[in-house]
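A.B. asks: Sequence:
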Amino acid sequence: MLNQKYLFIFFLLFNVYAPINTWAQTIKTNELGEKVVVFPDGSWKYYEAGDEKKYKINTPKGDKNKKNNKVKQPPKTEAEKKRDALQTKREEQQAKQQAIKLAEQATIEEQRAKQAEREAIYARVLAEDELNDAYNSDKLIDPKQLEDLEQKVDAAKAAEAAAKKYKKQAAKNAKKMAALIDVSKKKRDKAMAKMEKARQKEANAIAKTQPSEKTIDGTVVQFEPARDLMLEPPPYNCLVANRTTDEFTGKSKTDLAAEPLISYTDEKLRPYLKEREYLRCEAYLSAVSNGTILLNCVFEIASKTAPGPEEYGMLEKGSTFSIILLNKEMIQLKNIQTDLGKVDAVKGITTYEAKYLLDDEKRLRTSEIDQIRVDWSTGYEVYDVYNVDFFMNQLLCLDGKAK
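If you're matching positions, the sequence shown starts at 117 in this note's numbering and goes up one per residue.
It is worth saying that the hints were derived from the structure and are not from the lab.
Predicted model, so just to flag it, every value in this text is computed and none were measured.
Certain hints may be false.
Using C-beta positions, here's what the derived DEER-type ranges look like [what the hints assert, rightly or not]:
#, residue 1, residue 2, range
1, L389, Q210, 31 to 37 angstroms
2, K433, R481, 55 to 61 angstroms
3, K284, D382, 30 to 36 angstroms
4, I452, R479, 18 to 24 angstroms
5, V462, E220, 37 to 43 angstroms
6, D200, R481, 53 to 59 angstroms
7, E469, E246, 30 to 36 angstroms
We put the CB at the ideal spot given by N, CA and C, even for glycine.
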């Protein structure tokens, strides 16, 4: 009987206290988001499947309770700190390399935008020349043809305006991307997200304001300034103007058709000249049967006093015509004749003609032009070139290989 009494007391105590020892443990989430089992003495172990049958699951509701439910991690060892620092440095280096790559891409995009602007300006000049020729023609021009040419000029001007805006934005982006190379990854990511948002907004604004379509020669054309000119340039029209005998050598000579090469107007003169350019240069290549190739340039300046000592003076024999390529290499040609300039007092213009000996055609066959420097007797001027593939096209024409 006594044994039964003690057995009953033992059984009672076991059932009362055993759950305390068994269920005092809790399952919590540490700072890394991992489930752990925490014991009353502060020790812990990683949670395993089936532990919920042994331990009390402590997942209180509410943000405050969840915060208190986190297990404080032990301080990191020096090795762990070095490892984390190394990882952070590696991520920063990778992000910087990516920023450099993006900056290079932005620079390329800026160059493309500059090229697109040049193409658009060149297209506008050609359209205006075509319209002016129609106005000044002795033949009777169909009014519908004039209307089409006027619409073509309007479309070219709209394309030029869009190309200028595109170039301005591309230059701005390139500058920003270059500045982001040496900032922290966090700041860079934030700035790039802001730039992307602004770019999308700008693209949407341009899409709403640019002309959607124009009619040229009875054909409806969808205009996408800059992009169309760069990705799908119009085929070059190879034309031979004359086949004559060279006056200097007596050899047969082939002259190609002239086309615009240089145009320049100071912005201060723009209000007075309106649609005209202060300086224009039309050029063409000539091939002589002995293998000589000449660059013929006709300069037209909107001034009666251009030959004066305070303006351009003359183009002297031996003066230099420097071609600056896109890669910044320079090719120099020499003038083989002197021209004092011919003044047309009625039209208010002065015309110069020059012939430059082309003795380095190899590089010009594969390189686009960036600028041209012309040496006048009173000094030199550097002009941006819009017809950047002038030499490539005309040299192919002389070869009979132009597309």
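A.B. asks: Among the hints numbered above, which are violated by the structure, and what are their numbers in rising order?
C.D. replies: Numbers 1, 2, 3, 5, 7, in rising order.
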